[in-house]
Amino acid sequence: MPSAGLAPRRIAQLSTLLAMFALFTAQIVSALLPNVPVFIAASAAGLALDVYLQYRDPGLLALLGKVRFDVTVRQLLRDMLILVGLQRIDDIEPLNEQAPLVIALCGFYALHFTCQAVAVLVRRSRTLPVVTRNIDASALRLSAAPPRILARRQGHRLLTFSIPTTIGLLITAATTDALWGGIGVGIAIALLLGGIAYLGTWLTKKKRAKSEQQVMEWLDKWLAKYKPTVAMYFSGGTSSAYQANMWLSTLSAVEGKPLIVLRERFMVQKIEATDVPVICFPKVSTMFSLENSTLKMMLHPANAAKTSQVLRIPTIKHAFINHGESDKLSSCNPYAKAYDEVWVAGPAARERYALAEVGVEDKDIVEVGRPQLAPIRPYSGAPTGTHTTVLYAPTWEGWDGNPGNTSVVLAGENIVKQLLADDGVRLLYKPHPMTGSVDPRAGAANERMKAMIREANTRRSGARPGSEAAAELARRTAELDKLTSTAFRVSADELERMMLQGTPSGDREAAIAEATLAWEKAYWASFPEWEHQIITDARPAIFACFNQADLLISDVSSVVSDWLSSEKPYAVANTSGMSEAAFRVGFPTVSAGVILTPAADGVPALLESVRHPEKDLFTAARAELKEHLLGPSDPPSLARFNAAIADLCTKADERRVRMESRLAVEIPSPRSAAEETAHESTQGLQAEDDGAEDSVNA
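In this note's numbering, the protein residues as written are 1 to 698.
Be a bit skeptical, because a hint or two may be false.
[As the list claims (entries may be wrong)] Dumping the calculated EDC-like pairs for lysine to aspartate or glutamate here, alpha-carbon to alpha-carbon at most 20 Å:
1) 363 / 351
2) 210 / 537
3) 306 / 351
4) 210 / 514
5) 521 / 481
[To be verified] Pair ranges (Cβ atoms, derived):
6) 257 / 205: 33 to 39 Å
7) 424 / 334: 54 to 60 Å
8) 25 / 334: 56 to 62 Å
9) 206 / 226: 24 to 30 Å
10) 205 / 502: 32 to 38 Å
Since the hints were derived computationally from the structure, they do not count as laboratory data. Glycine residues also receive a C-beta, built at the ideal position from the N, C-alpha and C atoms.
Please model the complete structure; the sequences and the hints are all you need to start from.
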């Protein structure tokens, strides 16, 4: 099914490439004949198509770049063919009239490459050794970025500035008057000269960024003033930011001075709205400035290749907090033994590490609960509305090819089919954002399920919310977007964004929390109760879906562990090939839920137990499993989390004291110059006295 959806686009892309090559062919043939009308049309159309694709489908042109037929080669070929065509036109004198055009055109390309060189210098001058958010960086003399067409898009610049040249030369071909070609090339040269001069102003002292040494000195001063105590360290790819974002609310609520430490420049904008200061250290050498700061400990929501680099800082203690807990092997990774402590939700994770025997000692495991689960509302009994809302939230296929990772491939369509067959069900389908990223079968099944849900909605009817509901959602969306995002110019670069994302004003996080609740209320009110929903955007978040649903169907994943905080009924699909008994033993998080086979034939009975709680056999088991997975409700998870932070910070302080004491013993404190002179004088007088005594004795 997805291939059918992609086929029209692929056909369109192939047709576009064939059209481009056809225009080049027409330009070559018409230049050699010559056929002036065809020559002019093919030349103009070729440039127009290239300019259009640069702005609308640059990815397609990137394919041509891979075979070295990039924008510079294409435009050089066009201009060369135009000159060939002019030579073939009888009424244009080749030597007297074309030589100045050729020289001017060469000058145009020389200026283009000069502009590119200046652009490289400007970009380098605007690349800082660190990137920050929520920190006042005005002392760094930050400035707005130059126009993107001059500084970053050399292909757009070449084609756009070539338009006057091509127009002038084609008018020359039509009129046999070389003056028009000269005017066109002259305009293009003037534009490039002006662009180079304007771009060069960013190399002046007023606009140029400070040196690496000056920036790091500024950062050291800021760290000394802010005095951070706890940081969250994160490194990853573009699709992994959710692993850090789920901890933002907890980090902002911790006692002490929190900080977010990143390693990839692009990740600075992937972190969602927060008031916590953010620092990105792209290079290891700059990151070691944290060693001399007041930072005592780091929280790690994920393992990454660059994590080993920060573990080398001896003054900082490290705790692995993970981005979710499940019974999968990934939740007890051997890498966890590299940290000083491993923080888990409850006793179940402690047992998981003991059984896995991956080198994590029991004394290094700390139970802190899951502070971010506070917004999840508890179970309140059987559904009271007309429809039973079911959340189907399967996880993705993972890296190891295990068929038990996700139900999407083997059971997803059967689950959706069974749910849609019940007229009393309202389905919320929220697949994992990485579904299909490894196994194409998962992506294909995901698309088929979406199609099934959309088709099922066409068979339903009923009253819909009025236009005022959509207007309210639009208003709330605009309010939330304003709070959670920063508006940037299209040309804004990293340095300009850093300038605009300085110290946040007011208590933005409280305002965001309030606006988010209002948005969620408006979102659910904008749809009729009977309509199934496919939820693939970041909003509404998974916890908001939890609060709407009466039942969860998922896989072995952290979604189940988080859902259990509500104590609502749930079911887990078993696509591992294991028997149900072995499945329950192997994955404790499923022990208080219904197990579905790939055929999903247990869905009707499952729905019956949700609608009639007296038929629910797992009510007590869910309460017990909740405490086993997430720990006790008292004291609250955030209190336990803060206590763990305080304890690890104390251990960091104690280590520093021991190291300082040890160094004081091993390396005596140096004497001052005055003390050294006095010591030498004393030694000299003592030597004289000893000599006199020796002579007397003699």
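Please work out if residue 210 and residue 537 have their alpha carbons no farther apart than 20 Å. 39 Å, violated
Would the pair residue 306 and residue 351 pass a check requiring their Cα atoms to be no farther apart than 20 Å? 28 Å, violated
Regarding residue 206 and residue 226, is the given constraint of 24 to 30 Å on their beta-carbon distance met? 29 Å, holds
Determine whether the Cβ-Cβ distance between residue 25 and residue 334 falls within the hinted range of 56 to 62 Å. With a Cβ separation near 59 Å, residue 25 and residue 334 satisfy 56 to 62 Å, so the hint holds.
Within 33 to 39 Å: is that where the Cβ-Cβ distance between residue 257 and residue 205 falls? 35 Å, holds
Could you tell me whether the CB distance from residue 424 to residue 334 stays inside 54 to 60 Å? 47 Å, violated
Hint says 32 to 38 Å; check whether the CB-CB distance for residue 205 and residue 502 agrees. 22 Å, violated
Does residue 351 lie within 20 Å of residue 363 when you go C-alpha to C-alpha? Holds: residue 363 and residue 351 sit about 12 Å apart, inside 20 Å.
Run the distance test for residue 521 versus residue 481: straight-line Cα separation, threshold 20 Å. 16 Å, holds
Holds or violated: residue 210 to residue 514, with C-alpha atoms at most 20 Å apart: 39 Å, violated
Violated hints, in rising order: 2, 3, 4, 7, 10; the structure is consistent with all others.
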